[in-house]
Amino acid sequence: MAEQAIDLSKMTISDEVAVQISNMNKWYGQFHVLRDVNMTVHKGERIVICGPSGSGKSTLIRCINRLEEHQSGQIVVDGTELTNDLKNIDKVRSEVGMVFQHFNLFPHLTILENCTLAPIWVRKIPKREAEETAMHFLSKVKIPDQAHKYPGQLSGGQQQRVAIARSLCMRPRIMLFDEPTSALDPEMIKEVLDTMISLAEEGMTMLCVTHEMGFAQAVANRVIFMDKGQIVEQNSPREFFNNPQSERTKLFLSQILGH
Amino acid sequence: MAFVQDAPKDSFRLGMLIYDTRYRSITIQVVVLILFLLFLSWLVNNTAQNLAAKGRTFDFGFLWMRAGYDINQRLVDYTNDSTHMRAAFIGLLNTLLAAFVGCIIATILGVVIGVLRLSKNWIVSRLMTVYVEIFRNVPVLLWILLAATILSETTPQPRDFRQTPEMEQAGEEPKASMLFGIIAVTNRGTVIPEPKFCIGKPQAECDADPNEGGLGVIDLGIFKVSLNLLALLVVFGGSIFVNSRITKQANATQEATGIRPVTWWKSLAVLIIPSAILLWALGLHFVVPELKGFNFVGGISVLHSFTALTLALALYTAAFIAEIVRAGIMAISRGQSEAAAALGLRPGRTMSLVILPQALRVIIPPLISQYLNLTKNTSLAIAVSYMDLRGTLGGITLNQTGKELECMLLMMGIYLTISLIISALMNLFNRAVKLKER
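From first to last, the protein sequence lines are chains W and Z. Here the first sequence is numbered in our numbering, starting from 458 and rising by one per residue. Here the second sequence is numbered in our numbering, starting from 11 and rising by one per residue.
Don't take every hint at face value.
[Said to hold, decoys possible] Below, a list of computed lysine-lysine pairs in the DSBU-like style, where the Cα atoms sit at most 30 Å apart:
id: 1; chain 1: Z; residue 1: K276; chain 2: W; residue 2: K581
id: 2; chain 1: Z; residue 1: K234; chain 2: Z; residue 2: K211
id: 3; chain 1: Z; residue 1: K258; chain 2: W; residue 2: K606
id: 4; chain 1: Z; residue 1: K130; chain 2: W; residue 2: K548
id: 5; chain 1: W; residue 1: K500; chain 2: W; residue 2: K647
id: 6; chain 1: W; residue 1: K606; chain 2: W; residue 2: K584
id: 7; chain 1: W; residue 1: K581; chain 2: W; residue 2: K548
id: 8; chain 1: W; residue 1: K685; chain 2: W; residue 2: K500
id: 9; chain 1: W; residue 1: K599; chain 2: W; residue 2: K647
id: 10; chain 1: W; residue 1: K500; chain 2: W; residue 2: K544
id: 11; chain 1: Z; residue 1: K234; chain 2: Z; residue 2: K386
id: 12; chain 1: W; residue 1: K581; chain 2: Z; residue 2: K444
id: 13; chain 1: Z; residue 1: K258; chain 2: Z; residue 2: K276
id: 14; chain 1: Z; residue 1: K258; chain 2: W; residue 2: K581
id: 15; chain 1: Z; residue 1: K258; chain 2: W; residue 2: K584
id: 16; chain 1: Z; residue 1: K130; chain 2: W; residue 2: K544
id: 17; chain 1: W; residue 1: K584; chain 2: Z; residue 2: K276
id: 18; chain 1: W; residue 1: K584; chain 2: Z; residue 2: K444
id: 19; chain 1: Z; residue 1: K444; chain 2: W; residue 2: K606
id: 20; chain 1: W; residue 1: K597; chain 2: W; residue 2: K581
[Unchecked claim] Derived Cβ-Cβ restraints for the label pairs, each shown as a range:
id: 21; chain 1: W; residue 1: N482; chain 2: Z; residue 2: A279; range: 53 to 61 Å
id: 22; chain 1: W; residue 1: E589; chain 2: Z; residue 2: L366; range: 24 to 32 Å
id: 23; chain 1: W; residue 1: A640; chain 2: Z; residue 2: M26; range: 44 to 52 Å
id: 24; chain 1: Z; residue 1: A279; chain 2: W; residue 2: W484; range: 48 to 56 Å
id: 25; chain 1: Z; residue 1: I114; chain 2: W; residue 2: A640; range: 39 to 47 Å
id: 26; chain 1: W; residue 1: N545; chain 2: Z; residue 2: L85; range: 55 to 63 Å
id: 27; chain 1: W; residue 1: A640; chain 2: Z; residue 2: P375; range: 23 to 31 Å
id: 28; chain 1: W; residue 1: S612; chain 2: Z; residue 2: S343; range: 17 to 25 Å
id: 29; chain 1: W; residue 1: T469; chain 2: Z; residue 2: P375; range: 55 to 63 Å
id: 30; chain 1: W; residue 1: S596; chain 2: Z; residue 2: L366; range: 29 to 37 Å
id: 31; chain 1: W; residue 1: N545; chain 2: Z; residue 2: L366; range: 26 to 34 Å
id: 32; chain 1: W; residue 1: I470; chain 2: Z; residue 2: R255; range: 49 to 57 Å
Note that these hints are calculated values from the structure, not bench results. Predicted model, so just to flag it, every value in this text is computed and none were measured. The C-beta atom is built at its ideal place from N, Cα and C for all residues, glycine as well.
Work out the full structure: start from the sequences and follow the hints.
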C-alpha cells in the first residue's frame, strides 16, 4: 500500500467507550458458546478477532447488534444497553453496521436500491438525498458505474464492496465485519481489504472477524484471540504475532502462519 | 491477407442420416412426425367408419335443440324450454362460480396457514401442520362427500324453525334458530338475505316485485346485466383510481421529504363513502328470509351441493397452497432477514420489502397449478349433483342426445380453454414479480 498516507499506528484512539461487554454468557441449548466474555472497545479502535472455527468469534460480534441474543451479562453499545426492549435494539442497529461473509445483498433490488432501502424506510431520509448519499459511498468503494445493475451481475468482490457501502449509507458509528473475505476468490480479497483499510483511515470503529493476518498486522490496533468461547489473549498486533503468551495461541499461529 | 476457406465437406452418404450428429436429430423428428400423423389419421378414419356403421352422424346440431330438463342453480335465465347450448352455458357459469369462490377461499386460507405454520408459537404451528397433513392426505372426493353429508344430515328442517302458539304458551324455544337472525341453515340449503334496490316506491312494493328494482337490468341477449351492479362497479372503480392517486402522492411526498404522510383514513373515506352514497340512493336493502308454511320465503337459497363442493375443494387446496407459501418463504435464506435486521428494518418491513418480493417468484408458478387443479376438480360436482358443466353438457345433455363424442370433445375444449386463460393471466402476474437478475 504505497499510496497509504496515514500511519494507522499513530492514529489517536479516544477514551470514549463504544462497546462494553461484561460477564457475557451465551448458550445454544446445552452448548456453552460464549463464556464470561469481557471486552471494552474504545471509539476509533480497530479490532481483529481471530481463532479456530467454532470458537465463538462470529457469535460474539453478532451479539453486538443482537442478531444473537445473550443469556447473561451485559452489552452496552454507545451508551445503550441491549435488552429485550425493542427500542434499544432499533437504536443500536441503526448505529452499528454489519458486513456478512456471504454479502447478503437483496437480489431483487438494484445496487442503488440496496443502498437506499434502509435510509429511506428506517432513517426516513428523502429518496433523492438517500440516492446522493448512496452514490457518494458507491464512489468511495469505487463502483459508482454499477449502481443500476442487480447484485447477480457483479463479481464477489464488487458485491462485498456494495455490502460495505450499503452499511455506510446508514452512517454507522461502529462497523462489524463477519469474515468479509472468506467467500471471495484470492484476487478479489485485496479490493475488499483496501476498502476496509480506507475506512479505518477515516477513524471508523471496527470489529473484524477475519483470518487475514496481513490485514490484522497492517490495520488492527488490537488482536483478540478466542478459543472455546473464551477470550484467550489480546494484544497489539506486534506483540501478538511476535510474542504470543499462551500455548494455544502459539499453536494457532504456527498452523495459520506455517505455510 | 488471409483467405476464408470453407470447411472441407464430406460427400453425403445415406448412412449419415443415422450416424451423423448433424442429421440424426432431424431424421428422428421426421420419422416421429410421420408416425404421429399416421396414428392420427387412423384414429379419425376408424371413428368415422364406426359412426357410419352405426348410422350416426358427427354434428353439433343438437346444441340448438330444446334441452327439456331443469337446472336447480341458475345464475342467468334458463327454463327447460331453453336449448342444450343454454344448458351448457348455465353449467359453465356454475363451474366458474365454484372455481372462482374456491380459489379465493383457498388462497386466503392457504396463505394464513402457510405463514402460521412458520410461527414460533409451538401450538399454532403444530395445529397448522395437523391441518395440512389431514387435508392433503385424504382424497378430495371424500372431503366433498363428507361436507355434503354433514350439511344435509346435521342441519334442521325448515319446520324446526317454527314456533307454534302452543310452544309459546309453554315457554319453549323452537328447535332451530337463524344465524344472527338473518341466515337460515336448513337441510334444503342455506338461505341468506337478498339485496334489493328501490327508487321512489314504497319498499313493500319493490319487495313484491320479483325483479331487482333500482336502475333495473339491461338485456344483452345472452344474459342480463344488473345496472345497479354496473353503477356500483363504475363508482368503486373511480374510488380505486382516486385511491391510487393518493398513494402516488404519498410516495412523492416520501421521496421529497422522507416522511410518509398518514393516508389510511383518506383511502378508507375515498373507498367507502362514494359507494355507500350510491347504494343509499339506489335504495339498497336486504330482504331477510322468512318462514312461511313449510319453507323459507324471500332471500337467496344457496344449495348445499354448491357449499359442500366449494368448501371441500377450498379446504383441500388450501393445504397445498399453505405448503407452497411455506416453501416460498423458507426458500429465502436467513441471511436476507439478518441483513435487513442489521440495517435496522423491523420484521414487518423486512417481510414486505425483502422477503415477500423474493418469495412470490417461488410461490406463483406452483400456485398456478393449484388453481388449475381446483378448477378441474370442480368436475367432481357429479358426486353431490351440483349442476356444473360436467353435470349439464357432459351429463344430462349427453344422455338425452347420445352425442358422446361431440359432448366430450366440447367439454375437453372448454376445460382446456378455462385452464389456458387462468394460466395466461397468472403468467402475466408472474412476469411482473419475476426477479430481474440479468
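Self-check item: Hint numbers contradicted by this structure
Solution: Violated hints: none; all satisfied.
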